[in-house]
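Asker: Go ahead and model the full structure; you've got the sequences and the hints to work with.
There are 2 protein chains.
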Amino acid sequence: MSSSIKEQIELANQLAVQRMMESDPVWEGVGIARETIPNMREFMLLHAGPPIEWARMSGPMKGAVIGAILYEGWATDEDEAHKIADSGKITFEPNHLHSCVAPMAGIISPSMPVLIIRDRKFGINTYSNLNEGLGKVLRYGAYSPDVIHTLIWIRDTLSRTLGATMSEVKEKKTGVAIKPIIAQALTMGDECHNRLNAATSLILREITPYMLSASIDKVSLYESYEFMNQNNFTALNLVMAAAKAMTLAAHNIDYCTVVTVLTRNGTDAAIWVSGLDQEWFVAPAPVPKGVWFPGYSEKDANPDIGDSAITETAGFGGFAMAAAPSIVSWVGGSVAYAIENTQKMYEITQTRNSNFLIPFLDSQGTPTGIDVRKIVRTGITPTINTGIAHKNPGVGQIGAGLVAFPLELFKAALKGYAQRYGI
Amino acid sequence: MSSSIKEQIELANQLAVQRMMESDPVWEGVGIARETIPNMREFMLLHAGPPIEWARMSGPMKGAVIGAILYEGWATDEDEAHKIADSGKITFEPNHLHSCVAPMAGIISPSMPVLIIRDRKFGINTYSNLNEGLGKVLRYGAYSPDVIHTLIWIRDTLSRTLGATMSEVKEKKTGVAIKPIIAQALTMGDECHNRLNAATSLILREITPYMLSASIDKVSLYESYEFMNQNNFTALNLVMAAAKAMTLAAHNIDYCTVVTVLTRNGTDAAIWVSGLDQEWFVAPAPVPKGVWFPGYSEKDANPDIGDSAITETAGFGGFAMAAAPSIVSWVGGSVAYAIENTQKMYEITQTRNSNFLIPFLDSQGTPTGIDVRKIVRTGITPTINTGIAHKNPGVGQIGAGLVAFPLELFKAALKGYAQRYGI
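So the sequences go chain by chain: A and B.
So the first sequence is residues 3 to 425, counted in this note's numbering.
So the second sequence is residues 3 to 425, counted in this note's numbering.
Careful: at least some of the hints might be erroneous.
Since the list gives no way to pick one copy over another, a pair counts as held whenever it fits inside one copy or between any two copies.
[Unchecked claim] Listed below are the simulated PhoX-like cross-link pairs for lysine-lysine, each with C-alpha atoms no more than 25 Å apart in a straight line:
id, residue 1, residue 2
1, Lys413, Lys8
2, Lys8, Lys417
3, Lys85, Lys393
4, Lys8, Lys138
5, Lys172, Lys220
6, Lys181, Lys220
7, Lys376, Lys91
8, Lys174, Lys220
9, Lys181, Lys346
10, Lys175, Lys346
11, Lys175, Lys376
12, Lys85, Lys138
13, Lys174, Lys291
14, Lys123, Lys301
15, Lys85, Lys301
16, Lys91, Lys123
Hints were generated in silico from the structure; no laboratory data involved.
As the structure is a prediction and not an experimental result, all values here were calculated from the model.
Answerer: Encoded structure:
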């Protein structure tokens, strides 16, 4: 490789992380997917990870698809839902092709409410769905009547409460800025992927005054507050959509070797690289090493699933584990491991984040801007904090843990890069 | 000292920390001082620290006394307030003699609302006032009309909102348990004396559902939520009253050398020892080393003031600095210093707290149960995180910092102990 190309890459990568750090995503509103997400249409289901057809989908994703079909009323029972899913009538597309991200199976159907995030700096919109809570929930592949009931309540009550709240917010300002919330949460023991206790608290503190001044009936107000309050993952989908905005800001820069998507659909893991458009580099998704809910073990686990690794792509989550020593009781490992892991991630990233600081490392910025070249050179792969789904449809979450993205993905991407740029 | 006395002391100290850790303070309600605090009466003002007469009071305490006199309507202007304060008409008594604690000047007047904490384990009640926010506030010695106006709003609106909220709480449970909030906050970057961002968030999350279901008009609800939400010290007075309950549970144990009160009135610093009843050991209060608000420096600073060192007495605050690396930007020092300081406090304490864990030290319990003997033996004195008041009345807060309690206090206490127990 000539030194001028090396310089070009360096400049491109610098620009990428600069844009990632300048990105300023604010939560602006709530909409209905089909009316809000670009190119979303009837009989389309968005999903986590790279493209996949029904036949190859993992158990939890199939479960979530069945649930979404029942929720949409496209079928009235499980058998019929199976048939429709298999009939070709439904178009399956990755969230990432719609500036969207969603945790675990990540199924978004046309009538689901979605969070609207706007990057004030670069004018891009991104989206996510509303978090349903823990345990037996659609995103982990559960689809029993109570799961569907919660989704309906989210559509009819929670999303309307939040819609009215966000209208109040918009009277006063452009929206709820998410980066300062992530930054503060990192000083409060969160890494903002698998621990969001502080981020959820801060979001609630931020929006509650607007909830109180909005015109919302007392029951909806109470139920909506309690639903979000009882779920420390309430903030997850917001920070994911914000991370999607940050990484989109770094995407599509010529010569850039920075990773802008890390994602998995429960069957395959995949990445995008900034300088390689929307080309998917794909490898089998690994099974996370986990801390298991009682009665479950690794043999029950589905391979890694979800768009949530967008948090690590944007420089937090697993990359900020040193900020969250309590996370180790949830995903396994020791405090020393958490620090060591963050330290290792500096070896495969472009810079230290100027927004996201780790108090325990004397307020050093988090490792940010994953560089494909550095991964291939060092053999160190990105560590992701993740939830773990049962491999069968209909069960739900069985644990949480850590997973390393497969090295071969990054090797394939570097090969693709060499071909594309004729190096 | 005979070995049997040593054993007796060891048993007494073990019992003291066991009781301190078993204490289970819950926030149970809000009352008016004169109707709530035992032996509180008209023309009595409670104050922080050991007993002190008007003439010897420091600037900020005098300022707070003037403010309280104006608030009570005992005088209509500053001059008249001065005269009354000096007339002997007002009885000044330490909060600690009334199972009460309050930050900084700690002035509590008869018509002020107070928080009621009940120790579910030992049946003791403790009290504190409601936090007024930062800057120009009574507890820092300010008494301008806006300060008094806020106190009146606290009495007429906030305390009623909280009263109605606590009535809702009491329909469902005995109260809001404070220890789990402190324990969680220590995993979220608080040390719960000078950083209470997480504790305040958690308290708000805990009470908001009850606020929403109580019968409170919309304006009071909004104003009260926002007032507490805008002040990350909202939780301080609650955790202080809880700490008072914990330390009272350890008080009055024969032979016990554990410190149960550390406090200062801005002129003197003082301690109680469990085995020595309510005997005050007193020495001049030191001036904290601080981080100064713009325009101020050490020469403006009043000597250390407030009952808030009850947090360190109960095993958190400065003793848990290693849990709160972000605190160093507020009180000065480095992360390494914060860890080193917590480590040092183990040398002067009886045990590791079974409730309060420090995630970053692999979830080791905080140093708990300050032992007078160990302080005198090692020369290490308790480190307190504290706010700093201007030395003149009427100004307010000018910084925050660290202060070490004077060694001579503990030497005097050990001497008193030897006399009392004939050792």
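Asker: Each hint: holds or not?
Answerer: Verification of the supplied hints:
1. Lys413 / Lys8: within (18 Å within a copy, 68 Å between copies)
2. Lys8 / Lys417: within (16 Å within a copy, 74 Å between copies)
3. Lys85 / Lys393: Close inside one copy (20 Å), not across copies (79 Å); limit 25 Å.
4. Lys8 / Lys138: neither (49 Å within a copy, 57 Å between copies)
5. Lys172 / Lys220: Close inside one copy (22 Å) and across copies (20 Å); limit 25 Å.
6. Lys181 / Lys220: This pair counts as neither: shortest intra-copy Cα distance 31 Å, inter-copy 31 Å.
7. Lys376 / Lys91: neither (43 Å within a copy, 77 Å between copies)
8. Lys174 / Lys220: This pair counts as both: shortest intra-copy Cα distance 23 Å, inter-copy 19 Å.
9. Lys181 / Lys346: Within one copy only: 24 Å inside, 36 Å across.
10. Lys175 / Lys346: Cα proximity of Lys175 and Lys346: none, with 39 Å in one copy and 47 Å across.
11. Lys175 / Lys376: neither (41 Å within a copy, 56 Å between copies)
12. Lys85 / Lys138: within (23 Å within a copy, 69 Å between copies)
13. Lys174 / Lys291: Answer is neither; intra-copy 45 Å and inter-copy 40 Å both fail.
14. Lys123 / Lys301: neither (45 Å within a copy, 45 Å between copies)
15. Lys85 / Lys301: Answer is neither: 28 Å inside a copy and 80 Å across each miss the 25 Å cutoff.
16. Lys91 / Lys123: Neither, since 39 Å and 63 Å both go past 25 Å.
The structure fails hints 4, 6, 7, 10, 11, 13, 14, 15, 16 (numbered hints given earlier, in ascending order).
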